[in-house]
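Line by line, the protein sequences are chains A and B.
Counting from 420, one number per residue, gives the positions in the first sequence under this note's numbering.
Counting from 420, one number per residue, gives the positions in the second sequence under this note's numbering.
A hint or two may mislead.
Claimed, not checked - Sample of chain A residues at the chain B side, in silico, Cβ under 8 Å:
(1) T528
(2) L702
(3) A734
(4) D771
(5) W772
What the hints assert, rightly or not - Reference listing, derived: stretches of chain A covered by chain B, where coverage requires no fewer than 3 residues with Cβ under 8 Å from a Cβ of chain B:
(6) 651 to 662
(7) 735 to 746
(8) 774 to 786
It should be emphasised that the hints constitute simulated quantities derived from the structure, not laboratory data.
Source: prediction; values computed, not measured.
C-beta: ideal position from N, C-alpha, C; glycine also.
Chain by chain, the residues run as shown.
Number of protein chains: 2
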Amino acid sequence: MGTMIGNLLAPELKELIERRDFTRLREILCGFSAPDLAEIFIDLKPDDEAVLLRILPNDLAAEVFEYLPREDQEQTLRALGTEEVARILNEIAPDDRTALLEELPSAVTQKLLTLLTPEERAIATNLLGYPKESIGRRMTPDYVAVQQHWTVAEALEHLRQQPDKRDSIAQLYVVNEGGQLLDFIRLRDLVVSQPQMPLINLMEHSNLALRATDDQETAVAAFKKYDVTILPVVDRRSVLVGVVTVDDVLDVAEREATEDIQKLGGLEALDTPYLRTKIVEMLKKRAPWLSILFVSEMFTSTAMGYFEGVIQKAAVLAIFLPLILSSGGNSGSQATTLIIRAMALRDVLLRDWARVFRRELVSGFLLGCTLATLGIARIVLWQALHFKNYGPHYLLLALTIGGSLVGVVLWGSLVGAMLPIFLRLCRLDPATCSAPFVATMVDVTGIIIYFNVAFHILRGTIL
Amino acid sequence: MGTMIGNLLAPELKELIERRDFTRLREILCGFSAPDLAEIFIDLKPDDEAVLLRILPNDLAAEVFEYLPREDQEQTLRALGTEEVARILNEIAPDDRTALLEELPSAVTQKLLTLLTPEERAIATNLLGYPKESIGRRMTPDYVAVQQHWTVAEALEHLRQQPDKRDSIAQLYVVNEGGQLLDFIRLRDLVVSQPQMPLINLMEHSNLALRATDDQETAVAAFKKYDVTILPVVDRRSVLVGVVTVDDVLDVAEREATEDIQKLGGLEALDTPYLRTKIVEMLKKRAPWLSILFVSEMFTSTAMGYFEGVIQKAAVLAIFLPLILSSGGNSGSQATTLIIRAMALRDVLLRDWARVFRRELVSGFLLGCTLATLGIARIVLWQALHFKNYGPHYLLLALTIGGSLVGVVLWGSLVGAMLPIFLRLCRLDPATCSAPFVATMVDVTGIIIYFNVAFHILRGTIL
Numbered sequence: 420m421g422t423m424i425g426n427l428l429a430p431e432l433k434e435l436i437e438r439r440d441f442t443r444l445r446e447i448l449c450g451f452s453a454p455d456l457a458e459i460f461i462d463l464k465p466d467d468e469a470v471l472l473r474i475l476p477n478d479l480a481a482e483v484f485e486y487l488p489r490e491d492q493e494q495t496l497r498a499l500g501t502e503e504v505a506r507i508l509n510e511i512a513p514d515d516r517t518a519l520l521e522e523l524p525s526a527v528t529q530k531l532l533t534l535l536t537p538e539e540r541a542i543a544t545n546l547l548g549y550p551k552e553s554i555g556r557r558m559t560p561d562y563v564a565v566q567q568h569w570t571v572a573e574a575l576e577h578l579r580q581q582p583d584k585r586d587s588i589a590q591l592y593v594v595n596e597g598g599q600l601l602d603f604i605r606l607r608d609l610v611v612s613q614p615q616m617p618l619i620n621l622m623e624h625s626n627l628a629l630r631a632t633d634d635q636e637t638a639v640a641a642f643k644k645y646d647v648t649i650l651p652v653v654d655r656r657s658v659l660v661g662v663v664t665v666d667d668v669l670d671v672a673e674r675e676a677t678e679d680i681q682k683l684g685g686l687e688a689l690d691t692p693y694l695r696t697k698i699v700e701m702l703k704k705r706a707p708w709l710s711i712l713f714v715s716e717m718f719t720s721t722a723m724g725y726f727e728g729v730i731q732k733a734a735v736l737a738i739f740l741p742l743i744l745s746s747g748g749n750s751g752s753q754a755t756t757l758i759i760r761a762m763a764l765r766d767v768l769l770r771d772w773a774r775v776f777r778r779e780l781v782s783g784f785l786l787g788c789t790l791a792t793l794g795i796a797r798i799v800l801w802q803a804l805h806f807k808n809y810g811p812h813y814l815l816l817a818l819t820i821g822g823s824l825v826g827v828v829l830w831g832s833l834v835g836a837m838l839p840i841f842l843r844l845c846r847l848d849p850a851t852c853s854a855p856f857v858a859t860m861v862d863v864t865g866i867i868i869y870f871n872v873a874f875h876i877l878r879g880t881i882l
Numbered sequence: 420m421g422t423m424i425g426n427l428l429a430p431e432l433k434e435l436i437e438r439r440d441f442t443r444l445r446e447i448l449c450g451f452s453a454p455d456l457a458e459i460f461i462d463l464k465p466d467d468e469a470v471l472l473r474i475l476p477n478d479l480a481a482e483v484f485e486y487l488p489r490e491d492q493e494q495t496l497r498a499l500g501t502e503e504v505a506r507i508l509n510e511i512a513p514d515d516r517t518a519l520l521e522e523l524p525s526a527v528t529q530k531l532l533t534l535l536t537p538e539e540r541a542i543a544t545n546l547l548g549y550p551k552e553s554i555g556r557r558m559t560p561d562y563v564a565v566q567q568h569w570t571v572a573e574a575l576e577h578l579r580q581q582p583d584k585r586d587s588i589a590q591l592y593v594v595n596e597g598g599q600l601l602d603f604i605r606l607r608d609l610v611v612s613q614p615q616m617p618l619i620n621l622m623e624h625s626n627l628a629l630r631a632t633d634d635q636e637t638a639v640a641a642f643k644k645y646d647v648t649i650l651p652v653v654d655r656r657s658v659l660v661g662v663v664t665v666d667d668v669l670d671v672a673e674r675e676a677t678e679d680i681q682k683l684g685g686l687e688a689l690d691t692p693y694l695r696t697k698i699v700e701m702l703k704k705r706a707p708w709l710s711i712l713f714v715s716e717m718f719t720s721t722a723m724g725y726f727e728g729v730i731q732k733a734a735v736l737a738i739f740l741p742l743i744l745s746s747g748g749n750s751g752s753q754a755t756t757l758i759i760r761a762m763a764l765r766d767v768l769l770r771d772w773a774r775v776f777r778r779e780l781v782s783g784f785l786l787g788c789t790l791a792t793l794g795i796a797r798i799v800l801w802q803a804l805h806f807k808n809y810g811p812h813y814l815l816l817a818l819t820i821g822g823s824l825v826g827v828v829l830w831g832s833l834v835g836a837m838l839p840i841f842l843r844l845c846r847l848d849p850a851t852c853s854a855p856f857v858a859t860m861v862d863v864t865g866i867i868i869y870f871n872v873a874f875h876i877l878r879g880t881i882l
């Protein structure tokens, strides 16, 4: 939708900018919604973006600005004059402004704060006072508070006097004289009631609220549990300080999922989208983990060193080594992925460790037996069909491969499942235990399992 | 919060159920919100759940039922009498009812449909008529439609006559005589306007809408792009058929992230939470992929078979094999994770393939050089410190390891990044290309790279 419009329109806009035909430009642009305009703007140079923002009406300019990616916002701010920056910053929604200001270098943030009207500055500095990643940083003070002793008519009159609140005000919040949150009223109930009805009759008897200092993850969980689109936010003394809407939380939930996925893949979570991340930045997120994994994996060489004699005697054992190790790594990756996601969704809690252990004990054993069957079949079949000659002791070799597979897959499943739980127990993020990390751990122990099984089964024959 | 209440309360409730003290039970239960009650109910036996649901007032019973996990809903339905099932089914929100009915065996669904009033049955069968995973299945027909020639007073009168719409009606939808969606009006604007004002003055000039037959992923993307909490849904002829709220989409977004994560981990996505999935079900999701990976990995044995002679001559090469292969797998896992997530978030599109290729070419090469440096340092250091004697040609061996690492890591990054893009090009889900799958591919080719580099560098010395 938007992207298509952007692709079609961008050349025409560029031409009009060059011709300085601002009347026509304004006409065209005002025909689009802010999100569509934002998509069009992304394809333009920052200077052109600045020109277009300047000719838009105040409120539309601010709205488009809110929809721009962070990077474009920063570049556009630089391209705009002080007066226009002030115009836009004063107009954009407080929660989006916080999100922008918290990302900028603090000197820039300070400078931008001076451009705000005293009233907006108070709001901005207040929101910036909440800890990073807290609900306070995502909330907006655009809510309507009413007193419990009011009538419907008084509440409606109060509503008429409110400056335009852009966010949906489907709910009005009932507070006492001290501003403490008591309850809420649905706008709909207000609308269909008699004017002289006391508000107290419409109250929903719910004091559900978020704490401004709580982590944003709490908000995600609360929105999911209570299936609501907006929640009030209170401070330590239960005073209503703002509201959070679920669309802001959708971003938080998505960012968390991305972080978990990237950590699971064995790298630090990126701060920006893939294509917008500088290569140097990306290497900083990838190289350290890759190096840590590499250094850990060096223990495989140490372990293998002990078995160098065995390999010299029976090079055929080396041939099956990657197969055995990767099976342990894969089953570990499955288990760790399942448990990390289940813990993120609170399906698995610390106290469930024994249940997880039992499940993986059974699953790992059965999965190991499945692969062992395949592995044994392969050796016996290849020997029978003369694809390859594993020598007179090929059945013992098949047994070695099968036995090792059961051991390695079982071990991989257990390590993969228990490691995230162990990390949570140590109050660390379970997602730091990436799938590659589990694979590396399983590789080192897998070598020991494999050569020990081989030593016991093949001693006196090919060893 | 809720869980704590549940833990404290469950024993007391059980006792009251045994004593059949329904008056006291009803008193206690009515003091809680529906989501909290649902958490309390989960800890009870289905029969007890049924008893409690029976004593709750109609609307609260239905609301609590909506918040129960799918499994509990099914068990409770079985424990309830036909009359109570009808009572609850007729009362719960249409979108939640669809979600329940679509999961049940079709015979049960048919039977339940007969319990609905003709009006509710029409709604239910209509919603079930939309394809699985479509927006139609997640929408509710609880919206308020107004005509564009009405005045504010007429709209408010219409609102008063509506049966109780539980979902927030922060927006009213303007339709023409044929029911086609024209625009929307904010309830707030309606409330603060003069009664004789024509609605046409309040219209928002936005025809933003979802299509009922579109995939639910489209809805997630639209809510993210437009930062709204509710969107109207239209059919092929632009007729308004329902609304979707963002809280339903939050669940969809989460389920999609879970699916992607589980596929990335190398297994089929589970249909139910980990601890609630039967072991047999879980094995069905894990064993096939593990077996496919195992069979693919068998090519490593084939590839190694070609180099059996080399290994016999220089067993030291086998010692470093797991280190080299795992480095390729890890860099591939990083790249594939980054690209799959970026594609899911639409940060990377098909047309970006060349940019991705160039980025991974540079990153893969630099990452390979990093690991090569570590690998070479390790061999030289161990030799110098007499930890291990790699023989007179240890420098050539170090060079072999270093060269192979650059090749394998570069190759792993490229394969990991390009494979998801290739799958999307073939109109397959990029997430089917799991990290373990990339690792397997890189293992087979990694063996070939390693032994070829070794052959060229070490020929005439230890080979």
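>> Hint by hint, where does the structure go against what was stated? Just the numbers, ascending.
In response: 1, 5 and 6
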